[in-house]
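Engineer: Each chain, written out:
There are 2 protein chains.
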Amino acid sequence: MTTLKGNLMFGQSGGPTSVINASAAGVFIEALKHSDVIEKVYGAANGIVGILNEKFYDIGQEDPEELEMLKYTPSSSLGSCRYKLADVNKDDTDYQRLLEVFRKYNIRYFLYNGGNDSMDTCNKISKFLQKSGYECRVMGVPKTIDNDLFGTDHCPGFASAAKYIATTTMEVFLDARVYDTGMICVIEIMGRHAGWLTAATRLACEKGCGPDLIYLPEVPFDINEMITDVTRIYEKNKKVIIAVSEGVQTKDGLFIPELVAGDDVSVDSFGHKQLGGTAVVLADILKKETGAKVRGIELSLMQRCASHCASQTDIDESFLAGQTAVIKAIEGLTDYMIGFERAPGKEYKCDIELIPLNDVANTEKKVPRDWINAAGNFVTEDFVDYALPLIQNETKQQIVDGLPRFANLKKVLV
Amino acid sequence: MTTLKGNLMFGQSGGPTSVINASAAGVFIEALKHSDVIEKVYGAANGIVGILNEKFYDIGQEDPEELEMLKYTPSSSLGSCRYKLADVNKDDTDYQRLLEVFRKYNIRYFLYNGGNDSMDTCNKISKFLQKSGYECRVMGVPKTIDNDLFGTDHCPGFASAAKYIATTTMEVFLDARVYDTGMICVIEIMGRHAGWLTAATRLACEKGCGPDLIYLPEVPFDINEMITDVTRIYEKNKKVIIAVSEGVQTKDGLFIPELVAGDDVSVDSFGHKQLGGTAVVLADILKKETGAKVRGIELSLMQRCASHCASQTDIDESFLAGQTAVIKAIEGLTDYMIGFERAPGKEYKCDIELIPLNDVANTEKKVPRDWINAAGNFVTEDFVDYALPLIQNETKQQIVDGLPRFANLKKVLV
Chain A
2 MTTLKGNLMF
12 GQSGGPTSVI
22 NASAAGVFIE
32 ALKHSDVIEK
42 VYGAANGIVG
52 ILNEKFYDIG
62 QEDPEELEML
72 KYTPSSSLGS
82 CRYKLADVNK
92 DDTDYQRLLE
102 VFRKYNIRYF
112 LYNGGNDSMD
122 TCNKISKFLQ
132 KSGYECRVMG
142 VPKTIDNDLF
152 GTDHCPGFAS
162 AAKYIATTTM
172 EVFLDARVYD
182 TGMICVIEIM
192 GRHAGWLTAA
202 TRLACEKGCG
212 PDLIYLPEVP
222 FDINEMITDV
232 TRIYEKNKKV
242 IIAVSEGVQT
252 KDGLFIPELV
262 AGDDVSVDSF
272 GHKQLGGTAV
282 VLADILKKET
292 GAKVRGIELS
302 LMQRCASHCA
312 SQTDIDESFL
322 AGQTAVIKAI
332 EGLTDYMIGF
342 ERAPGKEYKC
352 DIELIPLNDV
362 ANTEKKVPRD
372 WINAAGNFVT
382 EDFVDYALPL
392 IQNETKQQIV
402 DGLPRFANLK
412 KVLV
Chain B
2 MTTLKGNLMF
12 GQSGGPTSVI
22 NASAAGVFIE
32 ALKHSDVIEK
42 VYGAANGIVG
52 ILNEKFYDIG
62 QEDPEELEML
72 KYTPSSSLGS
82 CRYKLADVNK
92 DDTDYQRLLE
102 VFRKYNIRYF
112 LYNGGNDSMD
122 TCNKISKFLQ
132 KSGYECRVMG
142 VPKTIDNDLF
152 GTDHCPGFAS
162 AAKYIATTTM
172 EVFLDARVYD
182 TGMICVIEIM
192 GRHAGWLTAA
202 TRLACEKGCG
212 PDLIYLPEVP
222 FDINEMITDV
232 TRIYEKNKKV
242 IIAVSEGVQT
252 KDGLFIPELV
262 AGDDVSVDSF
272 GHKQLGGTAV
282 VLADILKKET
292 GAKVRGIELS
302 LMQRCASHCA
312 SQTDIDESFL
322 AGQTAVIKAI
332 EGLTDYMIGF
342 ERAPGKEYKC
352 DIELIPLNDV
362 ANTEKKVPRD
372 WINAAGNFVT
382 EDFVDYALPL
392 IQNETKQQIV
402 DGLPRFANLK
412 KVLV
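From first to last, the protein sequence lines stand for chains A and B. Each residue of the first sequence is one higher than the last, beginning at 2 in my numbering. Each residue of the second sequence is one higher than the last, beginning at 2 in my numbering.
Please note that the accuracy of each hint is not assured.
Each pair of labels, with its calculated beta carbon distance range [claimed, not checked]:
1) B:L260 x A:N225: 32 to 40 Å
2) A:L414 x B:T232: 51 to 59 Å
3) A:E207 x B:V415: 26 to 34 Å
4) A:R343 x B:K56: 48 to 56 Å
Read the hints as simulated data drawn from the structure, not as lab findings. As the structure is a computational prediction, the values presented were derived from the model and not from experiment. Ideal Cβ positions, reconstructed from N, Cα and C, are used throughout, including at glycine.
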């Protein structure tokens, strides 16, 4: 193995999570230990947008205690982006610019933290740098509450969101049945194409406080079947809790808000439809159909930023992913994403698994069909066996004056 | 003081809180100690509705450990109601029926847990029983996240909601500024006439993660002024966080959803308008006016049931309120609500204060005008001094398998 001396650039991309900064902490704290190889550690402001604009922070100037605090600080502390690189064969302007910046600052380690789109970005940049004969080790650090990255047992960020969702579902379950009158409650959960987060409500069932019906995007959504399901339970119990993914689609490929809004749904820079409003639309429909009191609840941004309810297991693994990416890159590896492989046996244990970026990019991992019941309206015990170990252990976040203590970075621009 | 021997009836009424069951625990655990005076301890299913229907539980049959767990179990474990008693001079049917049930079960202690409407109910029942010559000691146990009960420094339930709201605001603040693009975020918080809960977002400002603008129902809401305020901040910072109470009204007395829905807003059994949708309506308006990306977030039921983020100070005080109600009633007092009086001095300390039910019933305590800035779009440091001590100390809720451990009551019907 040859030692590659130079500087390190780390960036955060895509939607944030409760624990994305724990990976940043892992990268920074580990990289700063290797000053014999890595002279400067940089954090890109807003991912590759910051690199393109030469806007990045000198992490070596941060207080080590504050870097430690990143473990317990939600959202992307460096700032994120949703910038999509063009096809290099059509327009290589951005790639040339990145190469220019990398050369100028002698970036020899590029670590990028994100989900599917970000791993694709990471992969494209690496391929271009290789073609250009510029030696740079590129590693992907996984992050997504959606838990849909290929090749890894699970993704950093998922477990904390799942813990918040399951906890909140239990609490809402109790709240939504206090009156002697009927009540239907629709809880809308994030997840564009994969139902992992919505499935997390199933964990609340283990405590007797879970939803009656769970609808994931993996199964075509039939609104009439849902009305039949809800009505049946409502007539029996007078209380119904429904967990539904924002991403459920009818067999004709329509999202729920589209049933009302038509083509009026807005689209982000990756061409993904901006959803939300699913709970409100379904609540309106159920109100008309059943005559019951119906409440729609959207867990909105809270599900991805509720660091006060994070899983310490998730925090530790997120840190480990960042740390390992640095170690492996220094060892000479490139073009891998850090993943987790679950060891067999009853006790939960995950080992690091390196997954080629080529394999990860743009492949989505969905909830297996046989973890969803035949009727497509509930999740099986298999999911519980899978997810329950991930939400164990409570965050060690410091509370000062009754409120969370977040990291204070100086963010000294280079 | 004469000893009054008989049975005790406790009921929960109105919207639940994270800690309402802590008061139930206080009543039950204390009452069960006094078997020389109180033979049977009953819990009414769904408040007075349960009494009218002779549906109540024998609390003596519950496992003491589960009664202890009530401290950490959100929502009304006995069930609640929103039943309004008629004017006794017009229709005394319900009152006669209550008297009949009280006689039949020898109820000599009636403790009722709730907010303004419930204290009114409590007061009316007590007056009727007195007029009928039936000796019964009646005590109100305060509960409301709205914090709007007269005569007490604060209300059990408020602090836990405030802690959740401030914590969540801090988290959302970070999440809503990750991208390099502009973002406006409207957070809608409960509070029909009083802005205490919305003001709680001000606590997040102490940590540098609070809203730019706070709108309470205490000040008439001017939509054009809000647009001006938001636009000014947006042009400067590209990020704006707005906290708004569901109860803000224009100077013409219209709630925000009414600006769009007209008279279509539904009404509950007390004639209170069912609000919600304020964030969505304001987000739509701001989107049109600014062209920015705007997200509306409703903290919905979560703000009143998030026991995982409760204030232990609140839990302890809620328990104390229930406990004291029993002790005072046994001592011979009647027709009081348990309140809190804050001791002067820098260190937080509250003493019990007894407030005549007559004074409490239907009087609403609002946020003082001079705790709101002159422009009516922010909250002053006075509120921080008031509220910060209340949210101190984190819940001792047990977590089992990564999820909250709630009380399991047998609920043996009498």
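Engineer: Give a verdict on every hint.
Structural biologist: Comparing the hints with the structure gives:
1. Between L260 (chain B) and N225 (chain A) the CB atoms are about 34 Å apart, so this pair conforms to the stated range of 32 to 40 Å.
2. Between L414 (chain A) and T232 (chain B) the beta carbons are some 29 Å apart, a value that contradicts the proposed interval 51 to 59 Å.
3. About 32 Å separates the C-beta atoms of E207 (chain A) and V415 (chain B), a value consistent with the hinted range of 26 to 34 Å.
4. Judged by the Cβ atoms, the range 48 to 56 Å given for R343 (chain A) and K56 (chain B) holds: they are separated by roughly 49 Å.
The earlier numbered hint that this structure contradicts is number 2, and it is the only one.
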